[in-house]
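Undergrad: Read off the chains here:
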Amino acid sequence: MKTFNYHTPKDVKEASKLASTSSAFLAGGMTTIPSLKLGLATYKDVIDIKSIKKLSGIKVSGKSVTIGATTKHAEVAASKDVQKAIPALTKLAGNIGDAQVRNRGTIGGSISNNDPSACYPSACMALNAVIHTNSRKIPAAKFFTGMFETALKKGELVEAVEFEVPEKADYQKHPNPASRYAIIGVFVAKHKKEVNVAVTGAKSSVYIDKDLSKKLTSSFSSSAIEGMKLDHSEMNSDMHASSEYRANLVSLYAKKAVEAC
Amino acid sequence: MASLVGSRVERKEDGRFLQGKGRYTADINIANQTYAIFVRSPHARAKIKSVDTSKALKSSGVVGVLTGKEIAEDKIGGLIAGWAIRSEDGSEMKVPANPPLAKDIANFVGEPIAVVFAETLDEAKEGAEKVKVDYKVLKAVVDPADAMKSEAIHDGVDKNLCYDWLLGDRKAVDEAFAKADKIIKVDLINNRLVPNAMEPRACVVDYNTASEEITLYTTSQNPHLSRLVMSAFGGVAPENKLRVVAPDVGGGFGSKINVYNEEIVCSWASKKIERPIKWVAERTESFLTDTHGRDHVTHAELAVSNDGKFLGFKNETIANLGAYARVFGTVTPTYLFGPCATGVYTIPAAYSNVKAVYTNTAPVDAYRGAGRPEATYTIERLVEKAAMELGIDKTEIRMKNFPSEFPFKQTLVHTVDSGDYVAGLEKAKQMADYAGFEARRKKSEANGKLRGIGVSSYFEACGIAPSAAVMSLGCGVGLWESAEVRFNPTGQISVFTGAHSHGQSHDTTFAQIAADELGVPMENVDVVHGDTDKGTFGMGTYGSRSLTVGGIAIVNACKKIVAKGKRVAAKMLEVNEDEIEFKDGEFVALKSNKKKTIGEVAFACYLPGQRDEMKSPIPEGDEPGLIESSFFDPANFSFPAGSHICEVEIDPDTGNVKVEKYTAVDDFGRIVNPMIVEGQVHGGIAQGIGQALHENTQYDETGQLMTASYMDYTMPRADNFPEFNLGFTCTHATSNPLGVKGCGEAGAIASPPTVMNAVIDALGGQEISMPATAEKVWKACKTMKKSNAKAA
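Here the protein sequences line up with chains P and X, keeping their order.
Residue numbering for the first sequence is 1 to 261, as defined by the numbering used here.
Residue numbering for the second sequence is 1 to 792, as defined by the numbering used here.
Among these hints, one or two may not hold up.
Here are the simulated lysine-lysine pairs, DSS-like style, with alpha carbons at most 25 Å apart [what the hints assert, rightly or not]:
1. P:229 with X:779
2. P:44 with X:272
3. X:442 with X:130
4. X:385 with X:427
5. X:786 with P:229
6. P:37 with X:132
7. X:125 with P:203
8. P:229 with X:449
9. X:132 with P:256
10. X:132 with P:229
11. P:256 with X:658
12. X:385 with P:256
13. P:193 with P:142
14. P:256 with X:449
15. P:2 with X:55
16. X:782 with P:229
17. P:256 with X:779
18. P:2 with X:132
19. P:44 with X:125
20. X:55 with P:37
21. X:241 with X:130
Honestly, the hints are just simulated from the structure, not real lab data.
Only chain P is shown next, with the shape it has when bound in the complex (with noise of 0.2 Å):
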């Protein structure tokens, strides 16, 4: 690991002065540290912002769950509050990789990274959520750009992710067996207007499936979907799955996200 300087600012403005062409923040770490490690990115400045007491932190009302920035895993899948609002998300939260995982790792860093095969950028998707930055506030549909791309800019910090609270929801996923990450996840959500189905893992990065979603606002049932053959052309193809493979799987928990809601 090369050398770097260490911020632990007090407060996110101090954070985003901090930033450069050549900072990273750091919540967890799950993704950031690693990178260090193996030499696959270096810093000049590594600006730790855990310390941000208002980036933690869960609120729920009637419509929405907020969920702060550097709010663990662990805390969203253990919330009452979020298990009430939403089960889905906790139940989402609750199957990220593993217990250390889920101890360290944060929402904000999981959407800031937007790894294409990550669980929560398919939450933010289905459930229209709102991320909202030192800033602005940007919709999710507009948020996750590409893979390990999103639209933040330079100095720009996720401070919390809004999610609208739906009818009904839920998320499968097909883990891949060496590190559980998503082979292909599904997050179905069901609003009063609208069937979202946000897929991740499939593609280069997460994407709301139109065929999918149009069949089940109009039928909201697993026979809607069932069997459906999916266009796998732009699909990820590697040596853990083919883009067959995952296109049978993405209809496949469709439905059975559609059978658990």
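Following the hints, put chain X in place on chain P, whose structure we already have.
TA: Frame of chain P, contents of chain X only:
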């Protein structure tokens, strides 16, 4: 006194391991030590045009940089192949030089080219980045099946062929096949596995400039053997100036048998730079450079009669040695594989032909079971397929071909001294509720799932091994084991063994044995291993040999202690020696019933003189002290055997395979500690299920290891297993006085075919290769659906 042998004594080592008090190589630090980082080839095959160390030498904190040029100049020897195997035509095997630091050519990704020593680890890494190696990249040979058709990667090794070995009689086999009703054929891949010991390899070297002695702390399964190899072949130091210590070692599975490049280089370099050196592998280095296991491509055939009798067996295998032949690399696919490939069956004619090839991949060597899992997989897939094709129950066809009596003269090499294969399989059937399977299959079907049952009956040759036998087969050393028992004056006992525990619980098992033999509490016995300065000599731990060879040496040394104790007690009690009986730690004069405890006798042994009224207790002709040693060389291998039964359920929509039930019935002879044996069986089965369903080592066509981290290499986890249902039968080995057979590898030997037979049964007989990953199984389910639809 109740016997300790046979009881579930809690492990003596648990206290230190569970409290994090283990002392591993990486825990050792020497004042003034430097840190080593190796510069490794990023290419699978490349000429090394030049190595420029000038910038690295100027880098902050760097103490020294050494390359293949310097190690060659100092005439330090390379890594060795421990067994000389001859080809069918009588020619000697072809073994390329394997220098500790590659000088002219690199032959696999991760092969060390240079080493940088620095004051801190970070500075060593920084320095290593500044070593400039100019490579000319060459086309790599990766696939073992293509190796013989590819360009030779080593000078003097035509067709990349190390040997073309034959065991058995081709003519007899052809005749048997000509008479057969049916020939059963299988094409198998025994997938390459990365051993993944929990503790990565490491070494710490301390060169004493005054005594000129090198102390090497290292992660070895066999420290004495390491010293011998490093001294005799490496020329690192004379044996009496080299101390090798393998302290607590966190798992080996065969991958820590070899003396590796890093140990040789650091030992040599410590003397050169006159500084202690520490090197600890990172996990990626373990993936790239630990010796791997298995990697066979096999075509095998079984000739059968319509009533299910086995008539002949042939086995044509290509074994991938990787880039170099290592210690057990050449024997694993030959004498550890071929003789066991006819399994637990009487087959009148058989042969195994193995072509061992070099490729630009990590060297392949012994891995838990070494050759015997590959053998068992071959025969047990054939037997299961024969049962299916002949329409005979899979347990019945096995029973039909089991030997009717023991000793069982096996087709190719071994004479199995004892066993009862029928009893083992009957017990397994009963424990697994074999009869109730069809009902369970129907229930799964009703839930849209596919259920399969698989059986395998295995035997293996372990307790490695009789020196006369192994040396006649090409082994470079004899595989006896030694022990020394020191009965200290105050009654505490130190048992020194040449075996090495890296998870086998020798501290406990060996103490149980010695305590029983000497009639003392187990707490009085300490087992000492892993240090060439402590204890006589030893060949180490692998091939399930520690108890069957090392344990017997301890028994024999204890018997010598008791024999001397008898003579001393007789003198102390003023009776003849033949009037003394030793029982429960006491020497009793039969007539007078006067007695001396073994502790009193031991104390007396250290007081040879006369004082006042006390006479010397040492009989004439005896020496003072109470220390005895023994070298035990077994008369035969030992032959554990058993039958395992597995049930799987497949979700055809995802291809996920769930191991629903796993039953193992094993015959390990006498069992010293049932709890420890169960643990060994659990671990072995877990590894075997890993091979069958999860572990998928993949190189791309340029020789890059694609699965070089836990992000991509699937280690099996606890939630992949059901509770294992274990049972035992017991026939005593006749080749050793304890009647023990060895249990360390059996689980990994029996389980891959058991699981695969179950998977293939669920798939209606459709062949599928290991590992049966979800996607592969899903595809097979789709094919099955299509052919079922056609049939309908």
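Undergrad: Under the criterion that the straight-line Cα-Cα distance not exceed 25 Å, is the pair residue 37 (chain P), residue 132 (chain X) satisfied?
TA: holds, 22 Å
Undergrad: Would you check the hint for residue 786 (chain X) and residue 229 (chain P), treating anything up to 25 Å between C-alpha atoms as holding?
TA: holds, 17 Å
Undergrad: Sort out whether residue 55 (chain X) lies within 25 Å of residue 2 (chain P), counting only the CA atoms.
TA: holds, 18 Å
Undergrad: Verify the proposed pairing of residue 241 (chain X) with residue 130 (chain X), using a straight-line Cα cut of 25 Å.
TA: Violated, at roughly 34 Å.
Undergrad: Does the alpha-carbon distance linking residue 2 (chain P) and residue 132 (chain X) stay inside the 25 Å limit?
TA: Holds. Residue 2 (chain P) to residue 132 (chain X) sits at ~19 Å (cutoff 25 Å).
Undergrad: Sort out whether residue 37 (chain P) lies within 25 Å of residue 55 (chain X), counting only the CA atoms.
TA: holds, 23 Å
Undergrad: Hint check: residue 44 (chain P) vs residue 272 (chain X), CA-CA at most 25 Å. Holds or violated?
TA: violated, 37 Å
Undergrad: Taking 25 Å as the top limit, are the C-alpha atoms of residue 229 (chain P) and residue 449 (chain X) close enough?
TA: With Cα atoms ~21 Å apart, residue 229 (chain P) and residue 449 (chain X) stay inside 25 Å; holds.
Undergrad: Run the distance test for residue 44 (chain P) versus residue 125 (chain X): straight-line Cα separation, threshold 25 Å.
TA: holds, 18 Å
Undergrad: Is it true that the CA of residue 193 (chain P) sits at most 25 Å from the CA of residue 142 (chain P)?
TA: Given that 25 Å is the threshold and the Cα spacing comes to 21 Å, the pair holds.
Undergrad: Decide if the proposed pair is consistent with the structure: residue 132 (chain X) and residue 229 (chain P), CA atoms, cutoff 25 Å inclusive.
TA: violated, 52 Å
Undergrad: Quickly compare the C-alpha distance for residue 782 (chain X) and residue 229 (chain P) to 25 Å and report which way the hint goes.
TA: Answer holds: residue 782 (chain X) to residue 229 (chain P) is near 14 Å, not above 25 Å.
Violated hints, in rising order: 2, 3, 7, 9, 10, 12 and 21; the structure is consistent with all others.
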